[in-house]
Amino acid sequence: MNLEYGPEYERFRDEVRDFLARNGKRAPESAQRAARPTTDAVAWQNLLLEHGYTARTIPREYGGYGAEPDILEARIIAEEFARACVPGGLSNQGVSMLVPTLLELGTEEQKRRWIEPTLRGEIVWCQGYSEPGAGSDLASLRTSAREENGHFVINGQKIWTSTARQADMIFCLVRTETEAPKHAGISYLIFSMDLPGIEVRPLKTMTGHAEFNETFFTDVRVPVDQIVGQRGQGWFVANATLGHERGMLGDPDALENRLLALIRLMQEEQIGSARAIDNPVLRDRLVALQAEVAAMKYNGMRVLSNQLKGESGGMAKLIVKLQSCELAHQISALAIDAMGEMGILYAESPREREGGVWQWNYMFQLGLIIGGGTAQIQKNIIAERGLNMPREPRLALDAAQSRKGVA
Amino acid sequence: MDFGLSPEQEMLRDTVGRCLAETCPLDHVRSCSETGSAVSDQVMAALHDIGLTGLLVPEVHGGLGMTLLDAAVVAEQLGRAVAPAPFLALSVLAPLALMLAGSAAQQAEWLPRIASGAVRFGVAIAGIVEERDGVRVRADGGRLTGTALFALDFAGADYFIVGDVSGRLHLLAAASTGVERIALQTIDTTRSIGELRLTGAIAEPLADDGGLAARRLRDAGRVLLAADSLGAGEAMIEKAVAYAGEREQFGRVIGSFQAVKHMCAEMAARHEPCRALVWYAAHAFDTDPEEAALVACHAKSLTGEVHRFVARTATEVHGGMGFTDLLGLHFWFKRIGFDRQVLGGPERVRSDAAQLQGLTATT
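Just so you know, the sequences run in chain order A and B. In terms of my numbering, the first sequence opens at residue 4 and continues consecutively. In terms of my numbering, the second sequence opens at residue 5 and continues consecutively.
Don't take each hint at face value.
Within a straight-line C-alpha distance of at most 25 Å, the following computed SDA-like cross-link-like pairs (lysine to any residue) qualify [as the list claims (entries may be wrong)]: (1) A:Lys312 with B:Leu363; (2) B:Lys243 with A:Pro396; (3) A:Lys300 with B:Leu363; (4) A:Lys300 with B:Ser355.
One-sided and incomplete, this derived list gives chain B residues near chain A with beta-carbon spacing under 10 Å [what the hints assert, rightly or not]: (5) Val123; (6) Tyr284; (7) Ala286; (8) Val299; (9) His302; (10) Ser355; (11) Gln361.
Treat the hints as calculated values from the structure; they're not laboratory data. C-beta atoms are modelled at their ideal positions from N, C-alpha and C, and glycine is treated no differently.
From just these sequences and the hints, can you work out the full model?
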């Protein structure tokens, strides 16, 4: 057990701290969540790109900083930005999902054309994966793309397309091979959201806001060269990015920061003449969550160490999405309980606390438990890949198709 | 940066694991339990042969001079094997007490004898966690009077480290005049625990340090109980997964039913982060006394909660068989129950954690 990063890395940490001390004030307030980055956020992003505090390992010719991959440097940057409560680089779906996919599987032309403007916040992407009939069973998607005169002609519907209203572009899974087994009939296309035949309808959720959309395609024509990977390989291409998304949803620094915010809330919220935190039942729940957050923090360090040694994260990694999302949800639940009757205030009500963020979190985090691979799918993955338990027997048709797909 | 066990610690883990696989199969655990003995001579001898008795004793006093993280590695294996052998008090807390609060003369007298196995120690510090049944131990002029509950590694101990009401530690010979030893029966037949009724028993005080050593003992004990729970919990998950892969109902192995698979996944998902927390808590005890008490609380309370869930869920995965004595699953179930309550159950420990951070009311 050695938790020292060593003098070289501590020098790097000092550099990051120094940068944050000098420039932290220029950071926009939480650049992350806005669908379309504000001017401030774009300026901040460009400053981070220039210093290599985001897109650090992406080659310079594609607009990155061109540093060698170094897990500890990445970790130090994340730690210091979290410590300073300053937002890091953009982590929208373009940056966190499309860019890694193009780096891995895109053509040279695609990399040069799309990566840099995406990193600079000039192009905003949305993701067209899920459909009303294809959620956990994503490979059963039915949005079709038939080839006609050098174009794919797309018809169908996507759902959960967050940022679709603001997005310039979409990366989208479509069925190109109608006769092939379901996993082998999918292609990964990238195209403009301005094309004729695309209609975006906001999808209002339980939070009262429309964080997502439904996107409809009617005879949308996309040039055939706007495909990533080959025809029929889209499932493989998409899986390269789903891994990135799951990684994104489990951030131990974010959990720690939420817990600190909860402690502050419980110290400030007065119930009669006592603070919420003086209630022994609430305090007990708080400390129980604190233990869980600590465990996830050290679990994250363990995964990091495994990666440094070139080992797979193993079980410690497989459980991160399930546990982190659940924990985040429980932190919000306790915040609401600690506020008591004040906990129901929402929608800019008088006396509302912190802009109603805890209620919003409580609801939205339930969405995160479901999205990005539901809790139940996560449990299947943990059981099948982590514990080597047998798969659910599949329908005969499915099984036959998979065999054909393998052959 | 390397968060994890060193190659030496992995070797220690494997050595202890192999040793217990040979000397402490379930049949042996069962026969010890049936004869009412929580101390298996064969397991004790085997552990002694690989030097574990003096694990923490400094090399100058004939031990291995290892750390609490090393001890946690061993404790995990003992929990995994539900081993009926003294360890927590004998090999960890008693040497620690002498190392933290013993004079040079006391250390020179006792530590080599602990390491060599010439004497066996129990430790009674439950009173510093909470007073129960209104009993306590008072020290007066080198004599101890009162009752100390939940003395660990009780059976066969020649000496005890006893904490008095002020938190000061004393070294007491079990055979002294004025010492009455009463064994307590618990759910867990693999561990021996008891009470000491003291009436003016002559004892040798350790340093008057304001209870510091006693608190360090409590923290170390909490970490090691968490580590023991970790091993026992992991064994239960493995058994549940193995059983679910063999047992067939409705023409399929039950492990292919999502209902069963998800029970196993939930156990694994809650159990896995405990490992990192226990390792860190042990490491903090060795390197960062400021933080150690708090992380020890976190490790103790989280493993207490998680492994209670694991113990019941793994039993349920085994269906009716899990409930019988035949599979012996209950040895792990009960070991986890013991680990959870001793030196403070989760609520007690979380209340300590809140206090340590100044989260409790200041008025």
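Going by Cβ atoms only, is serine 355 of chain B closer than 10 Å to chain A?
holds (7 Å)
Hinted contact valine 123 of chain B with chain A - closest CB pair below 10 Å
violated (32 Å)
Should the interface hint for alanine 286 of chain B be scored as holding, given a Cβ-Cβ cut-off of 10 Å against chain A?
holds (8 Å)
Proposed interface contact between glutamine 361 of chain B and chain A, which counts if any beta carbon pair is under 10 Å:
holds (8 Å)
Let's test the interface hint: is any C-beta of chain A closer than 10 Å to that of tyrosine 284 of chain B?
At about 4 Å, which falls below the 10 Å cut-off, the nearest Cβ of chain A leaves the hint on tyrosine 284 of chain B intact, so it holds.
Check whether the Cα positions of lysine 300 of chain A and serine 355 of chain B lie no farther apart than 25 Å.
holds (22 Å)
Quick one, are lysine 300 of chain A and leucine 363 of chain B close enough, alpha carbons at most 25 Å?
holds (21 Å)
Can the restraint linking lysine 312 of chain A and leucine 363 of chain B be considered satisfied, given a maximum Cα separation of 25 Å?
This hinted pair is violated, its Cα atoms lying about 39 Å apart.
Distance restraint between lysine 243 of chain B and proline 396 of chain A, which requires alpha-carbon spacing of 25 Å or less:
holds (23 Å)
Given histidine 302 of chain B as an interface hint, is the shortest Cβ-Cβ distance to chain A below 10 Å?
With Cβ-Cβ at 4 Å, under 10 Å, it holds.
Interface hint outcome for valine 299 of chain B [beta carbon to chain A under 10 Å]
The hint holds - valine 299 of chain B has a Cβ within 10 Å of chain A, the shortest such distance being about 7 Å.
Violation of the numbered hints given earlier is confined to hints 1, 5; the remaining hints are satisfied by the structure.
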